[in-house]
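This is what each chain is made of:
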Amino acid sequence: MVKKIGKNVYLALILIFLYAPIATLVVLSFNASKSRAKWGGFTFEWYAKMFANEDIMSALVNTLVIAFVSALVATVVGTMACIAMNRMKKLPRTILMGITNIPMLNADIVTGISLMLLFIALKFSLGFVSVLFAHITFNLPYVVLSVMPKIRQTNKNTYEAALDLGASHFYAFRKVIFPDIFPGILSGFLMAFTMSLDDFVITHFTKGPGVDTLSTKIYTEVRKGIKPEMYALSTLLFMSVLILLIIVNRRSAGKKDISPETSK
Amino acid sequence: MANKLIELAGITKRYGDNVVLDDLNLYFNENKFLTLLGPSGCGKTTTLRIMGGFETPDSGHVFFDGKDITNLPPNKRELNTVFQKYALFTHMTVAENIAFGLKIKKKSGNYIKDKVKYALKLVNLDGFENRMPDSLSGGQQQRIAIARAIVNEPKVLLLDEPLGALDLKLRQDMQYELIRLKNELGITFVYVTHDQEEALTMSDTIVVMNQGYIQQIGSPEDIYNEPCNAFVADFIGESNIFPATFLEDKLVEIFGHKFECVDTGFGINKPVDVVIRPEDIDLVPEGAGTLDGVVTSLIFKGVHYEMEVEAAGREWLVHSTDLSPVGARVGIKVDPFDIQIMNKPESEDEEAVKIDET
Amino acid sequence: MKRNGKLLAAPYTLWMVAFIVIPLFFILFYGFTDNDFNVTLGSIAQISKPVNLKALWLSIELSLISTVLCLFLAYPLAMILKGKGRSSSSFIVLIFILPMWMNFLLRTFAWQTLLDKNGVINTVLSAVGLPKQNIINTPSAIILGMVYNFLPFMVLPIYNVLVKIDDNVLNAARDLGANEVQTFVKVTLPLSLPGIISGITMVFVPALTTFVISDILGGGKILLLGNVIEQEFQIMNWHTGSGLSIVLMIFIFVSMLITAKYDKEGEGSLW
Chain A
1 MVKKIGKNVY LALILIFLYA PIATLVVLSF NASKSRAKWG GFTFEWYAKM
51 FANEDIMSAL VNTLVIAFVS ALVATVVGTM ACIAMNRMKK LPRTILMGIT
101 NIPMLNADIV TGISLMLLFI ALKFSLGFVS VLFAHITFNL PYVVLSVMPK
151 IRQTNKNTYE AALDLGASHF YAFRKVIFPD IFPGILSGFL MAFTMSLDDF
201 VITHFTKGPG VDTLSTKIYT EVRKGIKPEM YALSTLLFMS VLILLIIVNR
251 RSAGKKDISP ETSK
Chain B
1 MANKLIELAG ITKRYGDNVV LDDLNLYFNE NKFLTLLGPS GCGKTTTLRI
51 MGGFETPDSG HVFFDGKDIT NLPPNKRELN TVFQKYALFT HMTVAENIAF
101 GLKIKKKSGN YIKDKVKYAL KLVNLDGFEN RMPDSLSGGQ QQRIAIARAI
151 VNEPKVLLLD EPLGALDLKL RQDMQYELIR LKNELGITFV YVTHDQEEAL
201 TMSDTIVVMN QGYIQQIGSP EDIYNEPCNA FVADFIGESN IFPATFLEDK
251 LVEIFGHKFE CVDTGFGINK PVDVVIRPED IDLVPEGAGT LDGVVTSLIF
301 KGVHYEMEVE AAGREWLVHS TDLSPVGARV GIKVDPFDIQ IMNKPESEDE
351 EAVKIDET
Chain C
1 MKRNGKLLAA PYTLWMVAFI VIPLFFILFY GFTDNDFNVT LGSIAQISKP
51 VNLKALWLSI ELSLISTVLC LFLAYPLAMI LKGKGRSSSS FIVLIFILPM
101 WMNFLLRTFA WQTLLDKNGV INTVLSAVGL PKQNIINTPS AIILGMVYNF
151 LPFMVLPIYN VLVKIDDNVL NAARDLGANE VQTFVKVTLP LSLPGIISGI
201 TMVFVPALTT FVISDILGGG KILLLGNVIE QEFQIMNWHT GSGLSIVLMI
251 FIFVSMLITA KYDKEGEGSL W
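As given, the protein sequences belong to chains A, B and C, one line each in that order.
Throughout the first sequence, residue numbering follows the numbering used here, covering 1 to 264 in sequence.
Throughout the second sequence, residue numbering follows the numbering used here, covering 1 to 358 in sequence.
Throughout the third sequence, residue numbering follows the numbering used here, covering 1 to 271 in sequence.
The reader is advised that the hints may include incorrect statements.
[Stated by the list, open to error] With a Cα cut of at most 35 Å, we get these calculated DSBU-like pairs of lysine-lysine:
#  : chain 1 : residue 1 : chain 2 : residue 2
1  : B       : K103      : A       : K4
2  : A       : K38       : C       : K221
3  : B       : K115      : C       : K186
4  : A       : K3        : C       : K132
5  : A       : K89       : B       : K250
6  : A       : K4        : C       : K221
7  : C       : K221      : C       : K132
8  : C       : K186      : A       : K7
9  : C       : K164      : B       : K103
10 : B       : K113      : C       : K261
11 : A       : K156      : C       : K132
12 : C       : K117      : A       : K123
13 : C       : K132      : A       : K227
14 : A       : K156      : B       : K85
15 : C       : K117      : A       : K7
16 : C       : K117      : A       : K38
17 : B       : K103      : C       : K84
18 : A       : K3        : B       : K67
19 : A       : K7        : C       : K164
20 : A       : K90       : C       : K132
21 : A       : K227      : C       : K117
22 : A       : K224      : C       : K49
23 : C       : K186      : A       : K4
24 : B       : K67       : C       : K132
25 : A       : K224      : C       : K132
26 : A       : K7        : B       : K105
27 : A       : K7        : B       : K85
28 : A       : K3        : B       : K76
29 : A       : K7        : C       : K6
[To be verified] To list a few chain C residues with every Cβ distance to chain B over 10 Å, as calculated:
#  : residue
30 : V187
31 : L193
32 : S255
[What the hints assert, rightly or not] Which chain C residues stay away from chain B? Per the calculated CB distances, all over 12 Å, these:
#  : residue
33 : A18
34 : D36
35 : K54
Simulated from the structure, these hints should not be mistaken for laboratory data.
C-beta: ideal position from N, C-alpha, C; glycine also.
Just need the whole structure built from these sequences, with the hints factored in.
Below, the structure is given as structure tokens:
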């Protein structure tokens with residue numbers, strides 16, 4: 001009993017540690033005073049002003065478009081690669097997986113710098129497109145690493161059984177393989193989207209002047225003082241994901257209650 | 001009666017609302033091969049885990065050699081377990097696995113070395129000391145798991161479906177090997193399985209369990225020949241189980257036909273269940289038996305033919321070395337002592353009667 | 001489909017070669033040349049400049065401390081999460097995924113507010129009669145920022161290895177006479193080693209190479225190797241920047257080699 005309380009206290013402390021800064025930002029987003037140091041009363045002012053701030057809005061649009069497009073491209077290309085890799089011999093597969101792991105293990109700063117050097121050498125102007133390319137690049141491994149295990153788990157026989165029953169290769173893939181690996185594809189996409197959204201370092205090196213994502217905008221503001229609208233926007237983003245997660249959790253929890261598998 | 005080595009007294013165990021064991025009472029003596037037999041979810045593994053100390057009962061007590069060990073942790077109990085999927089330490093060699101318990105007990109290096117060697121010899125794996133468990137076959141891993149347990153010289157060895165993961169041939173070999181081991185070591189084996197053949201082959205005593213209750217305790221012969229209720233009869237081997245009326249002592253009516261039997265004391269005109277093993281039904285020429293029927297299917301099974309005979313509107317399963325072709329009209333005859341009478345359960349709960357005596 | 005099935009990997013292969021492999025050669029190229037593109041080790045040798053050397057040692061020191069702290073915080077956490085069984089998945093989202101939706105820079109920046117001389121933590125401390133702590137703009141603040149940002153990367157690999165350990169293996173150790181401590185030391189710990197090693201690299205590498213955390217929590221006065229490299233690129237000094245990046249990569253490579261040695265089956269991987 002004491003042990004159980006101890007465990008829950010420890011969990012709670014870790015969660016406080018991880019969420020204290022987030023709570024701080026949420027509180028600051030309602031702070032009427034522009035100073036971080038003191039509480040000037042409750043206000044929705046920053047939420048109203050945020051939508052009028054063109055800089056912040058364009059950074060938000062950039063961030064979301066880059067996150068969505070890069071995650072989508074990475075998901076399609078990465079999933080295709082996984083299907084192919086599953087059929088490869090051991091050596092080429094090992095080499096490809098090795099390359100996949102490079103950006104995962106390498107420092108973001110090195111990946112960012114190396115991409116910057118490449119773009120400059122190719123006389124490719126640094127801007128929205130270069131950032132997008134960079135994001136696709138570091139998103140690809142997340143997709144591959146979450147789809148690959150699912151593909152390796154699929155039973156080759158079910159695919160062959162579908163062919164045996166007269167299905168075309170494409171039909172067999174769509175009806176037999178795809179539903180099996182879909183959870184992996186979805187989690188790969190969400191992971192890539194989240195990573196892209198949260199990235200600063202690689203964007204920092206591959207962006208040109210005039211293009212900003214939320215991250216790079218915040219970085220320049222850190223010195224000058226962060227505009228409270230930024231707190232409001234971040235709080236809004238965070239809260240919408242939190243609410244989304246709660247809804248999804250409720251739904252799947254409701255489903256779990258009737259599914260017989262849970263007894264295992 | 002000899003002293004009780006392990007006694008379970010009034011054990012109840014729940015997981016949430018699910019009662020896994022309900023007031024279970026059981027004891028057994030030294031140098032026995034005891035098998036807990038039943039379908040999955042019957043509580044047999046939970047019973048074993050309570051003996052091993054991996055589960056604590058919600059109520060009731062476990063006694064070992066007369067001492068209450070209900071709340072003793074597993075590492076303080078003088079019994080050892082062979083787990084379902086071997087549960088070997090994959091980061092250690094075979095020798096290190098076997099030596100694990102002895103090292104904990106701070107035995108000397110030479111003693112451990114001799115013991116490991118002896119244990120490996122006992123399970124027919126001499127020279128495997130430096131292999132890693134992952135490099136061994138399932139059967140070999142199972143032997144290592146057994147060696148790892150018996151090297152600690154427990155008074156009782158608990159085995160949780162140890163042969164479940166092996167293929168048929170290997171399973172049969174291991175059955176004989178386990179019997180040999182038990183006889184060489186002279187200790188008690190408590191064996192959990194859902195395989196009735198395994199139980200009949202190896203055990204001195206079988207405990208048939210269902211839904212958290214003990215259904216019947218007895219020697220393999222008793223359990224097979226005189227199942228005490230329809231569940232046991234159905235679970236152990238193939239049988240014909242029919243509703244019947246016990247007219248008077250030594251006379252029972254099945255589907256309107258009177259059969260002689262040897263049982264007495266079930267009352268007058270009482271509804272009962274009867275069990276007739278398929279090999280106990282004799283097919284005789286039409287009219288010569290108690291009732292007549294038609295052979296509806298015939299399968300050759302190697303040692304015998306398996307036939308289904310339709311008689312009195314029901315299928316009768318018959319095993320016989322004599323062939324009666326499909327469509328043949330036959331008479332059915334059963335010797336009185338081959339008819340086993342069982343009380344009908346009056347309710348669901350009573351179907352799972354509990355019996356406290358060996 | 002069967003024959004051209006492998007062609008499906010072509011876009012991926014081309015992309016990764018173009019944007020991962022070739023760019024690394026650019027770093028090597030710049031790192032091994034000087035401003036006139038003569039081959040030299042001079043750019044790499046810049047690491048021996050006292051300022052850079054100091055930044056390197058500080059990076060190693062701070063990232064080692066953070067890694068050790070993360071390990072000691074994460075291991076019990078992973079054990080508790082394993083014990084939670086099914087319900088642990090929501091905790092993992094809570095620990096790992098959800099915070100990422102609040103921008104990483106802002107989250108780190110929020111620690112400024114919390115650690116400030118008159119910030120939340122000091123207010124709480126003085127309220128309960130404890131002395132105020134002045135750690136903002138010190139190496140301690142950077143360590144805190146590193147632990148805060150990278151803790152999840154230690155928890156996950158360890159958790160993933162722990163949940164794969166069959167409960168019966170632990171039961172077997174108890175059955176053979178080991179008490180809880182002996183079971184942990186002789187069985188749980190060695191079996192979870194791949195996760196620990198993988199977690200160590202997952203934390204050590206980003207901590208070693210960060211420049212943002214030191215920027216925000218170090219007050220711009222404390223330079224780590226990442227800051228030095230970033231500054232070299234800000235002043236368009238690509239050769240020195242690349243040379244120092246190569247030094248960084250050597251450290252990463254060494255830690256990867258150590259991981260590969262212990263994690264042959266890849267069971268300690270993050271995913």
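Okay, the hints, checked on the actual structure:
As the CA atoms of K103/B and K4/A are separated by approximately 31 Å, the hinted pair is consistent with the 35 Å bound. Among the hinted pairs, K38/A with K221/C is consistent with the structure: their alpha-carbon atoms are about 26 Å apart, no more than 35 Å. With a C-alpha separation of about 21 Å, the suggested pair K115/B and K186/C falls inside the 35 Å cut-off, and the hint holds. Pair hint K3/A plus K132/C holds up; C-alpha atoms about 32 Å apart against a cutoff of 35 Å.
A threshold of 35 Å between alpha carbons decides the hint, and for K89/A with K250/B the separation of about 75 Å lies outside it, so the pair is violated. Straight-line distance between C-alpha atoms of K4/A and K221/C comes to about 44 Å, which puts the hinted pair past the 35 Å bound. Among the hinted pairs, K221/C with K132/C is consistent with the structure: their alpha-carbon atoms are about 22 Å apart, no more than 35 Å. Taken as a hint, the K186/C and K7/A pair is honoured in the structure, with Cα atoms around 23 Å apart against an allowance of 35 Å.
The straight-line distance between the Cα atoms of K164/C and K103/B is roughly 26 Å, inside the 35 Å bound, and the hint therefore holds. Note on K113/B and K261/C: the hinted pairing holds, with a Cα-Cα distance of about 31 Å set against a maximum of 35 Å. A hinted pair counts as satisfied when its Cα atoms are at most 35 Å apart, and K156/A with K132/C does not qualify at roughly 64 Å. Distance check on the hinted pair: K117/C and K123/A sit about 48 Å apart at the alpha-carbon level, beyond 35 Å; violated.
The straight-line distance between the Cα atoms of K132/C and K227/A is roughly 28 Å, inside the 35 Å bound, and the hint therefore holds. Between K156/A and K85/B, the direct Cα distance comes to roughly 26 Å. Compliance with the 35 Å bound is thereby established for this hinted pair. Of the supplied pair hints, the one linking K117/C and K7/A holds, its CA atoms being roughly 32 Å apart against a limit of 35 Å. For the given pair, K117/C sits about 12 Å from K38/A by alpha-carbon distance, which is consistent with the 35 Å threshold.
Between K103/B and K84/C the alpha-carbon distance is near 32 Å, which keeps this suggested pair within the 35 Å criterion. Between K3/A and K67/B, the direct Cα distance comes to roughly 28 Å. Compliance with the 35 Å bound is thereby established for this hinted pair. Proximity of K7/A to K164/C is assessed by CA-CA distance (about 21 Å); at most 35 Å being required, the pair is judged to hold. For the suggested pair K90/A and K132/C, the alpha carbons sit about 59 Å apart, so the restraint of at most 35 Å is broken.
Between K227/A and K117/C the alpha-carbon distance is near 21 Å, which keeps this suggested pair within the 35 Å criterion. The hinted pair formed by K224/A and K49/C meets the criterion: a straight-line CA distance of about 31 Å does not exceed 35 Å. As the CA atoms of K186/C and K4/A are separated by approximately 24 Å, the hinted pair is consistent with the 35 Å bound. As the CA atoms of K67/B and K132/C are separated by approximately 58 Å, the hinted pair breaks the 35 Å bound.
As the CA atoms of K224/A and K132/C are separated by approximately 27 Å, the hinted pair is consistent with the 35 Å bound. The straight-line distance between the Cα atoms of K7/A and K105/B is roughly 31 Å, inside the 35 Å bound, and the hint therefore holds. Between the alpha carbons of K7/A and K85/B the distance comes to roughly 30 Å, so the proposed pair stays at or under 35 Å and holds. At most 35 Å may separate the alpha-carbon atoms for a hinted pair to count; K3/A and K76/B meet this at roughly 21 Å.
Straight-line distance between C-alpha atoms of K7/A and K6/C comes to about 49 Å, which puts the hinted pair past the 35 Å bound. With a least beta-carbon separation of about 6 Å from chain B, V187/C fails to lie farther than 10 Å from that chain, contradicting its non-interface assignment. Non-interface status of L193/C relative to chain B is broken: a Cβ of that chain comes within 10 Å, the nearest being about 8 Å off. A cut-off of 10 Å between C-beta atoms confirms that S255/C is not in contact with chain B; the least separation is 22 Å.
In this structure A18/C is separated from chain B by more than 12 Å, as the shortest Cβ-Cβ distance comes to about 40 Å. Every Cβ of chain B is farther than 12 Å from the Cβ of D36/C; the closest lies at roughly 55 Å, confirming the non-interface assignment. The claim that K54/C lies off the interface holds: its Cβ sits roughly 41 Å from the closest Cβ of chain B, which is beyond the 12 Å cut-off.
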